[in-house]
Amino acid sequence: MRLRHRFIGASAALGFLATVASANASSHREAPAISFDPAADNTDLWAWVPPDLSMLFLVAAYNPLEEPSGGPNFNKFSDDVLYQIHIARGDQSLEDAVTYDIRFTTSPIMRVDVTDKTAAPGGGKEFFSQLSGQTQTYSIVKREAGMAPVTIASGVPVAPSNIGPRTNVVAYKIAANGYDAFSQTFVKDMGAEGQVFAGPRDDGFYVDLARIFDLANFAGSITTPVTSAVDGVAGFNCHAIAMAIPTSKLTGTGKAPTAGPSDAQTLGVWASASRRKVSILRHDGTIDSDGPWVQVSRLGLPLINEAVIGLQDKDKYNRTTPATDVTNFGGYFLNPIIVRDYEVVAQTTVPDSLKFNRTDILDVINLKDIPTTGAHNFGLSVTGDVLRVDLGVASSFPNGRVVGHGANPNQDQADVTDIELSLLLTGKTSGISDGVNSNDKPFLTQIPFLASPWEGATQGHGKPAP
Amino acid sequence: MRHDLDARGGLRLVRAHTFTTAILAATASLLGACGGGNDNGAPVPDAGTLGDAAAPDAESTEAGPPAPPTGDGSSREASGPDAGAAPGSGQIETIAKAANDTGFTSPFDATPGPDGSSIYFTAIAADGTGGVFAAGAGGAAASRLDSGGVLVSPSGIAVSEDGKQLFVADPASDDDSTGAYGAIFVLPTGGGTPTALAGTQGTQPRSVVVAGGTLYFTTGAAAAGGAGVRSLPVSGGQPAVVSSGPPFVDPSGLAVARNGDVFVADAIASGNHLGVVMRVSGGTASPLVSDLGVGFPAGIALTQDESALLVSGIDPVAQTDLIYRVDLGNVSKPTTFNQGISSFAESAGLHRASGADVYAWADSRANGTGTVYALSK
Numbered sequence: 001m002r003l004r005h006r007f008i009g010a011s012a013a014l015g016f017l018a019t020v021a022s023a024n025a026s027s028h029r030e031a032p033a034i035s036f037d038p039a040a041d042n043t044d045l046w047a048w049v050p051p052d053l054s055m056l057f058l059v060a061a062y063n064p065l066e067e068p069s070g071g072p073n074f075n076k077f078s079d080d081v082l083y084q085i086h087i088a089r090g091d092q093s094l095e096d097a098v099t100y101d102i103r104f105t106t107s108p109i110m111r112v113d114v115t116d117k118t119a120a121p122g123g124g125k126e127f128f129s130q131l132s133g134q135t136q137t138y139s140i141v142k143r144e145a146g147m148a149p150v151t152i153a154s155g156v157p158v159a160p161s162n163i164g165p166r167t168n169v170v171a172y173k174i175a176a177n178g179y180d181a182f183s184q185t186f187v188k189d190m191g192a193e194g195q196v197f198a199g200p201r202d203d204g205f206y207v208d209l210a211r212i213f214d215l216a217n218f219a220g221s222i223t224t225p226v227t228s229a230v231d232g233v234a235g236f237n238c239h240a241i242a243m244a245i246p247t248s249k250l251t252g253t254g255k256a257p258t259a260g261p262s263d264a265q266t267l268g269v270w271a272s273a274s275r276r277k278v279s280i281l282r283h284d285g286t287i288d289s290d291g292p293w294v295q296v297s298r299l300g301l302p303l304i305n306e307a308v309i310g311l312q313d314k315d316k317y318n319r320t321t322p323a324t325d326v327t328n329f330g331g332y333f334l335n336p337i338i339v340r341d342y343e344v345v346a347q348t349t350v351p352d353s354l355k356f357n358r359t360d361i362l363d364v365i366n367l368k369d370i371p372t373t374g375a376h377n378f379g380l381s382v383t384g385d386v387l388r389v390d391l392g393v394a395s396s397f398p399n400g401r402v403v404g405h406g407a408n409p410n411q412d413q414a415d416v417t418d419i420e421l422s423l424l425l426t427g428k429t430s431g432i433s434d435g436v437n438s439n440d441k442p443f444l445t446q447i448p449f450l451a452s453p454w455e456g457a458t459q460g461h462g463k464p465a466p
Numbered sequence: 467m468r469h470d471l472d473a474r475g476g477l478r479l480v481r482a483h484t485f486t487t488a489i490l491a492a493t494a495s496l497l498g499a500c501g502g503g504n505d506n507g508a509p510v511p512d513a514g515t516l517g518d519a520a521a522p523d524a525e526s527t528e529a530g531p532p533a534p535p536t537g538d539g540s541s542r543e544a545s546g547p548d549a550g551a552a553p554g555s556g557q558i559e560t561i562a563k564a565a566n567d568t569g570f571t572s573p574f575d576a577t578p579g580p581d582g583s584s585i586y587f588t589a590i591a592a593d594g595t596g597g598v599f600a601a602g603a604g605g606a607a608a609s610r611l612d613s614g615g616v617l618v619s620p621s622g623i624a625v626s627e628d629g630k631q632l633f634v635a636d637p638a639s640d641d642d643s644t645g646a647y648g649a650i651f652v653l654p655t656g657g658g659t660p661t662a663l664a665g666t667q668g669t670q671p672r673s674v675v676v677a678g679g680t681l682y683f684t685t686g687a688a689a690a691g692g693a694g695v696r697s698l699p700v701s702g703g704q705p706a707v708v709s710s711g712p713p714f715v716d717p718s719g720l721a722v723a724r725n726g727d728v729f730v731a732d733a734i735a736s737g738n739h740l741g742v743v744m745r746v747s748g749g750t751a752s753p754l755v756s757d758l759g760v761g762f763p764a765g766i767a768l769t770q771d772e773s774a775l776l777v778s779g780i781d782p783v784a785q786t787d788l789i790y791r792v793d794l795g796n797v798s799k800p801t802t803f804n805q806g807i808s809s810f811a812e813s814a815g816l817h818r819a820s821g822a823d824v825y826a827w828a829d830s831r832a833n834g835t836g837t838v839y840a841l842s843k
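Residue numbers (our numbering), protein chains in the order written: chain A, 1 to 466; chain B, 467 to 843.
Treat each hint with caution, since some may be false.
[Unchecked claim] Computed Cβ-Cβ distance ranges for the label pairs, DEER-style:
no.: 1; chain 1: B; residue 1: T644; chain 2: A; residue 2: D80; range: 41 to 51 Å
no.: 2; chain 1: B; residue 1: G703; chain 2: A; residue 2: D284; range: 23 to 33 Å
no.: 3; chain 1: B; residue 1: G795; chain 2: A; residue 2: A192; range: 42 to 52 Å
no.: 4; chain 1: A; residue 1: A210; chain 2: B; residue 2: A687; range: 43 to 53 Å
no.: 5; chain 1: A; residue 1: G310; chain 2: B; residue 2: G604; range: 37 to 47 Å
no.: 6; chain 1: A; residue 1: I174; chain 2: B; residue 2: A706; range: 52 to 62 Å
no.: 7; chain 1: A; residue 1: P442; chain 2: B; residue 2: D593; range: 56 to 66 Å
By construction, these hints were calculated from the structure, which means they are not laboratory data.
We put the beta carbon where it would ideally sit given N, CA and C, even for glycine.
Construct all of the structure, not just a fragment, from the sequences and the given hints.
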C-alpha cells in the first residue's frame, strides 16, 4: 500500500465509491462483504523482477489495518481460507499458468486441567495467547497447467506477532529488542522453488485516507492547497505472504527469460482468498466448513476494486476472475466513475475524452507502450485486473509493482496512488498527489521486503492516559 | 437476468440453543451467484447439448422443437413416466419452472416423486427456518410440508420408493441436549413434524437418496468416521460405512445404481479444487471424472437406463450454471448443457424420479430468490 501520489487519485475514487463500506488504501476493506472478513481481505499485491531478471519477487498482503496492540488474540491468517497467487502468462489467456495455493494450520491447544496446581505455564488454560504454545504453520502447493500439483513447502512456521519486549524474552526466548532479526529467521528456503515468508509486516501502503474519504478532499488536489497530509495507514500492520521465485520457473520453458519486452514472457499476476461455501457454527465453538471453494477477495492492480468498480458490483468483483473482467466490468474501466464524480466534487469541468471510452487506461494496464512504444499488444480477450510483469524487462510500475527502490529507503519506485489518480483524472501519469509520498518505515531490500511489524507494547495507536 | 443477490457472505448457519432460533435468518447469507472457486486451470469439458430446452421462465411445460438425441450414444428413447416404456437416457428437452414464490428462498435440493408427477424440495422458509415443500400444481404456490421449525439447513431430500415418506438430510439441525450434530429427518409426503431417523443423529448428513429400501447418505470430514458414504435401512438403524476417507474430501450429492455402485459428487476433490465424481464399487471409491465445477449441494443423478450421469454444475470460468452429462461409456468426455440456465449461477441439488426419467433441479438464486425446475424430455 505504498500508494503515495498515485494512490491519491485512486483513493479519491475510492472515496467516492466506497463511502459506505470503508476507508482504506490499495484494497483495504474495499467492498461491503469483505469488509466483514479481514483475514480473507487482500490489501495489496506487489510483483516485480530486478534488473538481472533472475527472480520474481512477490508480496501478497491481507488483513487490513491491523492494530499492533490488538491482543490477546492478535491477527493471524485464517486456517479456513484458501490463499492463492495466480500467474497467467502470454497473450492467449488469463487462465492460470501457475498457481500457488497457501493453506494455514493452527496447532490444537493442549487442554490443561485448571485444578492442577502444579501445571506449568502453557496450554489451553492460559489467556495470553503467546504462552499457550499454539503455533501456526503453512503449506504451499504449486499447480501448473497440465501437471500434477506439487507441495513445495509444508509445516513452515508463520512469524509470530510483534507483541512486546517481555513477550520476546519470555515467550520467544529472544532479546527484548530482538524481534526484527527474529522475524527474519522465518524466511523459508524452498530450494529450486525459491524462498517464502508468511507473517505480520508493516503495512507498506501509504495514503491520506481521511481526506480521500472526505470526498477526495486531499492535500494536493486541484482544489485544496497542499498542506498537512496524513498517512492513514501509518503504524498499522498487515499479514503478508512474500515469495522469491526464480524466473526460470515461470517462463514456461524452464529457462531464464530473454531480455527485452514481449507478450509471451509477460505474466499476469493476481492474488485471491477463498472460503468454503457453507459454514455451520456448532454449539461447542467449532465451525464445519462445507461445499465448493468460493472466492471472496482478489487483487491484481492496486485500487481497481477500490476506485474503479462501483458499489453495486464490488462484491461480485471479488467473486469473479480477471478472465471475465471485460465482460462483467468493462464499462467501469472505459468510463471511470471517479472522473464524473470529480467533476461534481471539484466543481470543475472535465472533458468527455477523460470521462468516456478511456481506451488509454486499457493501454496502460496492458503495457501497450511500456517500456517502449508498441512494446506489448494484449487483446481485449486477455484484458483484466492482473498485474502485468514482463519477465524480460526490469520492473517499473505499471510493468510490475516494486516494493521500495525509491529515492529513499521508505519510498517506492512508484507512488501508485498518485499515478492512478493522475491517469484517471488527467490522462497523464503525474500531476495529482494525495500528499503522502513515503511509507512510515523503510522497506527491506530482501524478502519479505515489507518492514518489520510495529510492536504492540510500544507502538500501538493508543494515547497516553489522561 | 441480473443477479443482485450475488454479493453476500458465506452461508452461515448458526445453531443456537433451540431449533427455532431466528438467528439463522439473520445470519444466513449466500455466497454469490458469481459463485465458486477461482481456479482458472480447469479444462472446460467439450460443449454439448442434451437437447433443446424451453426457457426456464416459461410457465408452460410445452417442449421446444424436438432435438436430435445427442451426447449419450444410447439408442433407447425416453418416453416419460409411462409404465412399460423403455428406460429413459436422460435427454433433457424441457426445463419447466416448478416453484418460485415468496414462501421460500434458497432451494437446496429437489426430487420428483416416484412417478415424476410431483416435486418435493428443501429450502429456507419465509420464517427463516429450514423448510420442506411440495411444488404447487398449475402455477400455484408451493405448499410447506414440515411443521415445528425443526430443520435448519436441509441440504438433502429423498422420497421413499412408495412415495409416502420424505427423508431430509440436515447437517445443521443439532440436538443440543446430546451434542449430536445433524440428522436425517423423516416426515410424511402429506406433511407433518420431521422426526430424527433412529441411528442418524450426529452423523452430519449432507445428501440422501433411497435405493432398494436402503437409505444412502454422504458425510463430511467433520463427521464421525470422516468424509464418505453411509447406508442404513429406511426404517432406521446403525449406519454402515459404504466408503470413507480418501479420495473423498467433500462428498455431496449421490446416486445409486441397480448393481449397488454409488456415484458421488465431491465438491472439491480434484487437485485444482474443483469437483470430482467418485464411483464407489465394492466399498472402494475411485475418481470417475474430475475438474467439474459444482454448486451446493452438488447434485447428481443417474439416468433411468443407467447410461449416464447428470451433474448439477457451474462453469469453472464463467461461473454460471450448466448441467454436465457424463456418459458412463465415455467418462473422459463430459458434455455440458446450459440452454436457458446459463444466466443463473447457483446450481444446487438434482434427483431423478425413481420410476421415471424425469428430474428435479434447483438453483438457489434463479429469478432472485431461487427456483425449482422440472427437467424432462
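Against the structure, the hints:
no., hint, verdict
1, B:T644 - A:D80: 41 to 51 Å, "violated, 26 Å"
2, B:G703 - A:D284: 23 to 33 Å, "holds, 27 Å"
3, B:G795 - A:A192: 42 to 52 Å, "holds, 43 Å"
4, A:A210 - B:A687: 43 to 53 Å, "holds, 46 Å"
5, A:G310 - B:G604: 37 to 47 Å, "holds, 42 Å"
6, A:I174 - B:A706: 52 to 62 Å, "holds, 54 Å"
7, A:P442 - B:D593: 56 to 66 Å, "holds, 58 Å"
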